[in-house]
Amino acid sequence: MNNLTFGRYAPFDTCVHRLDPRTKIMMMILLLVSVFLKVNSWSSTLITSAVLLLFLIVVLLISRVSFVSLFKSLGAMWLLVFLLVIIYVFIPNSSYNPNHIAFYIGNYGINYDAFYQSGYIIVRLVMMIMITMVLTSTTKPMDLTYAFEWYLTPLKLIKVPVHIIAMTLSIALRFIPTILEETQRIMKAQASRGVDFNHGGLFKRIGALISLIVPLFVSAIGRSEELSNAMEARGYDPYGKRSRYRKLHFGFNDLVAFLLVFAIFGAIVALVVIDKNFFEVNYIYWIFGFNPIF
Amino acid sequence: MKCIEVKDLTYSYDENTPVLKGISFDIDVGEYVSIVGHNGCGKSTLCKLLIGLLEKNSGSIVIKGQELNQENLTSIRNKIATVFQNPDNQFIGATVEDDIAFSLENMNTPLNEMTQKVKEAASKVGMIDYLTKEPSYLSGGQKQRVAIADALVREPEILILDEATSMLDPSGKKEILDLISQMRKENPSLTVISITHDIEESYNSDRIILLDEGNLVLSCSPSELFDNRELIKKYNLTVPFVVELKYKLEEIGYKFDQNPSLEEIGEKLWQSK
Ligand SMILES: Nc1ncnc2c1ncn2[C@@H]1O[C@H](COP(=O)(O)OP(=O)(O)OP(=O)(O)O)[C@@H](O)[C@H]1O
Ligand SMILES: [Mg+2]
Chain A
57 MNNLTFGRYA
67 PFDTCVHRLD
77 PRTKIMMMIL
87 LLVSVFLKVN
97 SWSSTLITSA
107 VLLLFLIVVL
117 LISRVSFVSL
127 FKSLGAMWLL
137 VFLLVIIYVF
147 IPNSSYNPNH
157 IAFYIGNYGI
167 NYDAFYQSGY
177 IIVRLVMMIM
187 ITMVLTSTTK
197 PMDLTYAFEW
207 YLTPLKLIKV
217 PVHIIAMTLS
227 IALRFIPTIL
237 EETQRIMKAQ
247 ASRGVDFNHG
257 GLFKRIGALI
267 SLIVPLFVSA
277 IGRSEELSNA
287 MEARGYDPYG
297 KRSRYRKLHF
307 GFNDLVAFLL
317 VFAIFGAIVA
327 LVVIDKNFFE
337 VNYIYWIFGF
347 NPIF
Chain B
946 MKCIEVKDLT
956 YSYDENTPVL
966 KGISFDIDVG
976 EYVSIVGHNG
986 CGKSTLCKLL
996 IGLLEKNSGS
1006 IVIKGQELNQ
1016 ENLTSIRNKI
1026 ATVFQNPDNQ
1036 FIGATVEDDI
1046 AFSLENMNTP
1056 LNEMTQKVKE
1066 AASKVGMIDY
1076 LTKEPSYLSG
1086 GQKQRVAIAD
1096 ALVREPEILI
1106 LDEATSMLDP
1116 SGKKEILDLI
1126 SQMRKENPSL
1136 TVISITHDIE
1146 ESYNSDRIIL
1156 LDEGNLVLSC
1166 SPSELFDNRE
1176 LIKKYNLTVP
1186 FVVELKYKLE
1196 EIGYKFDQNP
1206 SLEEIGEKLW
1216 QSK
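These protein sequences, in sequence, are chains A and B. For this note's numbering, count along the first sequence from 1 and bump the result up by 56. For this note's numbering, count along the second sequence from 1 and bump the result up by 945.
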């Protein structure tokens, strides 16, 4: 169970860690939207992607997210990336400029645009992973639930029991390690009775899985009963008035961080809305020495 | 003054099998009572009835002069703190401090008061250095100490322990029992009800209540119980080490006063030879 490292909370004390989780969630949403907004021309796309990527790398460095685990999670996606490239390269697409043929395989022309397209998708995927990683590895899961609860507060007006949902969520989070531990214990117990989890055909494996899942459910249900008893015995009343031990605090740093991200977001939205090629200088020409597109 | 008065209490989970068959007993303020009995005789059921987690079939439960019912359930519950058996399944907060704060949140305590009380309780049980730790980093004994801190912070008049030490090793057990006797010293009016299979622990309590298949068969002081060897045999009880030793010595002709301690037995042996 130690391979669940992707985006796990890393207990450092950086300025990103100290930000209000609500700010971080809002920033994450803005950045994700920025990443997936489609800017019209290729040169603008290149510029905005470069700016975003650079910004994210800086954020990753500041928040001490490990690049190793980033590459690991990318490594887990190589198949997806590979398929993406294959699809883009070999499926004919009418939007490709027929004059931009890179080379021929037999007499099927491979288009430059296909490589740009798939490259762009991959870059966006990487950025998406970077953004979520920053959020989850700098914010405790519990703080995330507090933030979610805050964002969902308006739903109370239409009688959605937001605080109960949040309590349920936080208890689920609290019990994940306990249940994982239990899973390992049951697996060992079943293995000692001769159940083989790693070998055998499909049906044998399904049988093995059932011998894990059934006792796991039984114990989880037993747990939940004891837990609800303990909560009630300690005076928990879901509809009563409760004070809160954890208070979220929106500070000056939050404002600065938010404005920075909002500025980036705003710039990109403006670029999309105005829909004009601002970057007339032909960067692609500079990079490749020739221009296959324009 | 009576703290708890239980009269003709009956309960059954399903109609055909009564679990409690008409139990009556009183417990005084400040008393330390242990409830013993074999597995499945209804001890935990009794505990759940006392804190209103289950609703009785018939009989009455009076706590501090108030009859327990739906209306005063919350106010009576606030007088009682309960520590259950499994340390994992009563750890509700994400960290030690959140868990201790949980009870306070439920009582709508203001934040600054809460912070202070959490620290106080944590240092009393020796967990002040672990405030930000998550339960998976704690041992069973430490988790149970946090459960005691939860109980402390509720400032209860009655403390109920349902086999609170049965999943701990001897040193963890001793720590918890020491904490409880310290609580009792600091607050002599604290009533403690301890459900336990540990005969040594019940030997040190003020009174033993013995349940057998849903009936209360005995309520007397530990020395009275262990002086009566017929009773011990009849209910198939294990006896504490001192008592066992005393029995064995009596068989070979020694005579003792009611309740010798280990030292007194040693003294007697020393003098006699
Ligand atoms: N939730 C339940 N539903 C149905 N029957 C139950 C339930 N809980 C307990 N019982 C039954 O009630 C009886 C008394 O159970 P209880 O848990 O009170 O025993 P106990 O004295 O606490 O035992 P132990 O020493 O093992 O903790 C048992 O026969 C048990 O099978
Ligand atoms: Mg029990």
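Wrong hints could be hidden among the right ones.
Derived PhoX-like pairs (lysine-lysine); straight-line CA-CA distance at most 25 Å [said to hold, decoys possible]:
#1 B:Lys1078 with A:Lys303
#2 B:Lys1062 with A:Lys303
#3 A:Lys297 with B:Lys1064
#4 B:Lys1062 with A:Lys297
#5 B:Lys1009 with B:Lys1118
#6 B:Lys1130 with A:Lys303
#7 B:Lys1009 with A:Lys196
#8 A:Lys196 with B:Lys1062
#9 B:Lys1130 with A:Lys196
To give an idea of the interface, some chain A residues facing chain B are shown, with a C-beta separation under 7 Å as derived from the structure [as the list claims (entries may be wrong)]:
#10 Lys94
#11 Met198
#12 Lys212
#13 Lys215
#14 Leu236
#15 Thr239
#16 Ser275
#17 Glu282
#18 Leu283
#19 Ala286
#20 Ala289
#21 Gly291
#22 Lys297
#23 Tyr301
#24 His305
Computed list of chain A residues with no C-beta within reach of chain B, every gap over 12 Å [as the list claims (entries may be wrong)]:
#25 Leu86
#26 Trp98
#27 Leu116
#28 Lys128
#29 Val141
#30 Pro197
Worth flagging that the hints you see were computed from the coordinates, not collected in a lab. In this text, all values refer to a predicted model and were calculated from it rather than measured experimentally. Each residue gets a CB set at the ideal place from its N, CA and C atoms; glycine is no exception.
Handout entry: 25 Å Cα cutoff - pair lysine 1062 of chain B, lysine 303 of chain A
Key = With Cα atoms ~17 Å apart, lysine 1062 of chain B and lysine 303 of chain A stay inside 25 Å; holds.
Handout entry: Proposed proximity, lysine 196 of chain A with lysine 1009 of chain B (alpha carbon, max 25 Å)
Key = violated, 43 Å
Problem - Least C-beta distance between proline 197 of chain A and chain B, which was stated to exceed 12 Å - result: violated, 8 Å
Exercise for the section: With chain B as the partner, please determine if tyrosine 301 of chain A meets the hint condition of a C-beta pair closer than 7 Å. Expected result: Cβ of tyrosine 301 of chain A sits 4 Å from chain B, so the hint holds.
Practice task
Decide if the proposed pair is consistent with the structure: lysine 1009 of chain B and lysine 1118 of chain B, CA atoms, cutoff 25 Å inclusive.
Solution key: violated, 30 Å
Practice task
Say whether it holds or is violated: leucine 116 of chain A keeps its Cβ farther than 12 Å from all Cβ of chain B.
Solution key: holds, 25 Å
Problem - Given hint lysine 303 of chain A paired with lysine 1130 of chain B - CA-CA distance at most 25 Å - result: Not satisfied, since the Cα-Cα distance of roughly 36 Å exceeds 25 Å.
Problem - When the least beta-carbon distance from threonine 239 of chain A to chain B is tested against 7 Å, hint result - result: Constraint on threonine 239 of chain A not satisfied, violated at 14 Å.
Handout entry: Agreement of lysine 297 of chain A and lysine 1064 of chain B with the hint, judged by alpha carbon distance not exceeding 25 Å
Key = Roughly 23 Å separates the two Cα atoms, so the pair holds.
Exercise for the section: Would you check whether methionine 198 of chain A satisfies its interface hint, that is, whether its CB is within less than 7 Å of any CB in chain B? Expected result: Hint on methionine 198 of chain A: holds, closest Cβ of chain B at ~4 Å, below 7 Å.
Handout entry: Exclusion check [tryptophan 98 of chain A not at the chain B interface, CB over 12 Å]
Key = holds, 47 Å
Practice task
Mind checking the CB of alanine 286 of chain A against every CB in chain B and telling me if the closest is under 7 Å?
Solution key: holds, 4 Å
Going through the hint list in order, the structure does not satisfy hints 5, 6, 7, 9, 10, 12, 13, 14, 15, 16, 24, 30.
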